[in-house]
Each structure stands twice: as C-alpha cells, then as structure tokens.
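Asks: Below, each chain spelled out in residue letters.
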Amino acid sequence: MVGKTLATFTLILVCAALRAAGQNRPEFCEQLPKELLGGLQAPYEKQVAPDGAEYCEGLLRNPIALEAPTVVSVKQTQTQYIFNSNQIASLTWCDDFDKKLHVKVRSTKPPLFALDAMHALKFEWRTELIARWQPNWKDLASLGIRTVEVDGHTYQVVVPLRIGTGYSNLYSFIIRSKQPIHLSKVLIEPIQPPNKPLVVNISLSSGPAKDTWTTTIPFGRMPSGIYRLTFQESVEQAGNATKPIYLLHRSCNAR
Amino acid sequence: MQQSPSIYFTGRAMPGNDFSEKAKITSPDKTLHRASEELNRRLSAIADKLDNGIQPSADDVDELERLSKLKTFLSVHRAQRRKQVELAVLCVATVVFLGLSFVRLSSTAVDLEIHATKVFLKLDEHHSPTLIPGEMGQILALKQARGSGADDVLPPEVAESGSFEIREVVAAEKSSDNRGSADLTVRLQEISIPEGPVSIAVGIAYASDSRGLTIETAGSKPVTAQFGQVIAVDQGTSKSQSVEYAIRPVQATGNNLALEIFPANDQPQLTVFRGVQVTEISFEDEGHSTILGGTAYIKGGAGESKQLQPGDYLTIGSVSPMLLRELVFANGELMVRLSTDNANTLQAGADSSSNLIPTLFTFILNRWPTQLYATLSALVATWFALRRWLESTQ
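Taken in sequence, the protein lines are chains L and B. All residue numbers for the first sequence refer to our numbering, where the first residue is -6 and numbers rise by one. All residue numbers for the second sequence refer to our numbering, where the first residue is 800 and numbers rise by one.
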C-alpha cells in the first residue's frame, strides 16, 4: 500500500516537472516551436539565473534567410575572453541602473548558441552551456536593446555590452552581409541631443565568421546621448548601407 | 379454306403474353416480311402452274392482288416509321452538337501578356516576405521619391503628417577632389512586404519630365520602404571648410503606404515583381480599363490567342493562386506576364462580355482533331450504309 502511494506521488512529481518544462518562454526570448529545435543536443529553452530570474539559453538552428547588411553586434572593445565552465559570468553595460535591457547573444558561427535575458545594470549566469558550445567571446554577437521615446517617436536603442566589469568607450561593431560590400564610412546622426550629422571613415576587417566584418569607433569625444549609425559605401560606389541602428552612448567610469 | 395472312399473323399476337407483346411491337415489320414471303410463294406457285400449262384460278389472282395491296400499305407505314427514327436521330445529334458548342470547360490554362497603366494585385496569404524591386540586392537610383500614408517615418524631420519627399542632390559646384564621380541620386534600398494578405496597386506616376512608378499597399501588417538620401555633411573646422556626402537612410512604415518613385536614368526596364503568387489581379481603375494592349493565350482550347485593344476590359479569376511571372516597368508603361492553369473566369473585350473559356466542342476539336474528324466520318458513312441496307431488305 505504501509502495503504491509512493509510486503515485512520484508520478505526480514527474508530470509536474514535465509540465513545467513545457511552459512558455519569457516574452523577450525567441518564440520558436519545439519542433524546430528537435534533435539539438542543448535546445534553446528557459533557464533560471543564480538570482532567480528567468532567461533563455541553448542552441538554435541556423537561419536560411538572406538578410540585408545588418549590424548584429555592438560591444565595448576588450581583450580576448574565454568562458570556462562551472563559473558565473556577468555581462555589464553603461546605462541607467533602473532600466531593464534585453540582452541578446548569438554565436556568429555554428553551433548557433543563443542567450536572451532581461535585466537592469548587469546580467549574471552560469557558464556550463556557453563554455561548452561557444566559449570565445570574440565569436559571439551581442546586443543590449531597450526602447526609448524621444519627441513622440519610439526608438529601439542599442547599448554596448562587455563581459565582466570595466568600461571602454571604444565600441566594436560586427556587420553581417550575404552580399559583398565595401563599407568605408559611417554616418553618425545625433538624435538626442540633436546636432549636426558627422561622417567618419572606418576600416573594416574580416569578422569572426564568413559574411561578417568588424570595425571599431571611438566615442570618447561624443557627448552622452542617442546616435543613429549607418555604415555605408561612399557615394561614388553603389550606395549599399546597413539598416541604421540607434546607439545609446553613456560615459561611465571603470567599475 | 385457307386463312388470310393478315388474320393468321394477327392471331399470333396474343395480349398478356411476353412473346405476344414483343410480337406486337415488331408486328408491322414482321407482317411486311411475311407478306412479302407469302406473295413470293404465291407468285412462284402461279409461275409453276403456268409452266405446267395450267391457268391460274380467279381466287389465285384475287389472293395475289390482296397480298400486293397489303404489302404496299405496310411499306408506306414502314417508311413513315423510318422517317420518324431519322428525325429523332437528327434531333439528338443537333442537341449534342449544341451542347458541345455552348457548354464551356470549368477552367482553362491561360497566359497573359498585357501592357497597362495600372495593375491591382492581391498577394497570396501564404507568401513569404517579399522584397521589391524583385531582384535581390538590387539598389535603384532614383531622381525623386514621394511617400504618403506612412504611420512612421525615420528620421522624423523628413516627413510631415506621414508624407515625405526625397530628391536627388544637385551638386553646387565641382570641387578639387573626385566629387564629380559621386552618385547623388536617391537610393531605393528595399520595399519589404510582410507575410499575410496584402493588396498592392502598381501604376504609372507622372512628373513634368518623366514617368515613374506608384506603389500603393494595403494590408493588416505594415509595409516598410527604405531609401538612402544623399546629404551633404559639413565637415568644416574652424580652419577649413569641406563638404562630405553621405547616404542617410529614410525608413517609412505603414499599413496603407503609398509611394511614387522616379528612376534616375532611362533604364531599359525595372522589375517590380518576379515569380510571385497572386490570388487576384485586376486591370480596372475607378471603373475604367487600364489596359493599353496585349494578348491572352488560351492553352486549354483552340490554342488560340485573343488580342486586347486599348481600353479593353479583362476579368480573370482562378481556382488556385496565379503565377505573376513578372511585372516590369518599361518604356513608361507596365508589362504584366501572368500564368494560371485553372482560370475559371476569363472574359475580355470592350465590355468584358466575351467569354474566352473554350467550349467543349473547341476543346475536343483542338485536343483530338484527327480523332474527331475520323469519328464523324465513320458515323456518317455508317448511317448511309445502314439506310442502303435497310432499303435493300424491303
């Protein structure tokens, strides 16, 4: 009799656990059907951070769509960093401490590791998965996204991320394009505070994966604010340009 | 006394008996046949008597006369019956022919090649996100772009109440550097149409010195158009003054976005769509035809083509989505190439009343012409042979 009761109790617990595993992911995560993630060793799913917050992490399938030239990563420039397992890593950024940021990390090469979280000030998580699948920070594209309203218009601004503590106003960008492009300039338009636009010559180098390029832009002399950045070919060329991104630049002291 | 043939044969057709009923139905033919036999037999008997030098009796002659009259009467009756049968067969043949001539196929395959000033399209609900212009990665150089109905335009200062206008920059003067080779036209980088049902009207836009394209969209999801506007950026410092040109992206988004674009160069053609599934297509604008000319190639029927004149109306509907092979802007007009295998409505003409879906007769005539002619010839030959044979048996 006791055995039967125990077995029933165990069954209920297992069912509850399975039900919990099938729960919907948080809104900021990729809303992909489970069928698309079948067969992956560590499929993208809901996780719990050390502070109890929910986030999503795991592997995705490689996209097949052709994209227009797009900025896929904005980071603070820092030296090479390798994730080791059984540690707690932290992503930090320079922004208002009470503003929540959608942290979006994607690997630029297979396997397609993905992490999505929504946090203010910084995000900490266990490194088991990232250390196993994409341990090199250089190979990861990361965006910190939040919405800002300026003069009645809503902008999705990008905040440069870094791994660990510190701060650098030299920002590193990764651009992805399936078509060959020769971007040589960036148009910087101050949105807030409004000011005259500026054209800066850039130097592109090969990125961490095929079809990606990287460049760095110093923002040390720029006042804090929102800037619209468009990487482009010169007007003497075809006129290819990336989709514009809205960069939220703040000056912070090294923490 | 010998029974008369008529009494003899009528006596065999007993009512209430199956055999008798059958005999009743066929009795006139059988009676004629047996009367002929009896007449021949009597004639042979009289001939034998004459050969033997015996004169036929008056009864024999009377009998012969009666039989002859009976045969004549029955022959007339039979001829009338045959005429009735022939008339019925002719009626059936006429009805069949009229049916084949008036009843149309439920659907047909058709290819359209039409020049027009405006085309209304409804993209298939399940279409993938589509970019126009239709060539992937193609950037169009424009003299001018105008937009209206945008829910959002970035940067906001470009637009007013959802309307905007971007023009090619005119360089003030040539500088010492290679500014002369700079392309200062407006770039159309992409018009992105999301998934789901979208209605699009593509037409000709008119300006004082050129023609361009109008693209009007309406759908439940917003359409996004991205242009690159060349702007002069003052790079001056306190010591020197220099101007740098840059491409500023202008992005317009809206559920009911209307755009007018004017290509910068006299390009031979500009592809708007290529290989897109559409559920509806129309060539009427506010009750007027937009067709300038063209041809409808009807495959399912006579393999014939219908020439369309300027101002002709065309109505086409299809059971399944139609393939818009391409929609091209060339020489100041639109050219549409469309194919479908299942057009169930296809009307064209000055008042759109001429139904172009083939009739069954034209379908058979063009699908199996040799077999049709062979069958008709065989039927006519058989009919005449049958008549000759029937006449000879009397």
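To be clear, the hints were calculated from the coordinates, so they are not data collected in a lab. Given the structure is predicted, the values throughout are model-derived calculations rather than measurements. Be careful, since some hints might not be right.
Stated by the list, open to error - Here are the computed lysine-lysine pairs in the DSS-like style, where the Cα-Cα straight-line distance is at most 25 Å:
no. : chain 1 : residue 1 : chain 2 : residue 2
1   : L       : K189      : L       : K236
2   : L       : K171      : L       : K203
3   : B       : K921      : B       : K1020
4   : L       : K236      : B       : K942
5   : B       : K1020     : L       : K236
6   : L       : K236      : L       : K171
Asks: Are there hints from earlier that the structure breaks, and if so, what are their numbers?
Replies: Every hint satisfied by this model.
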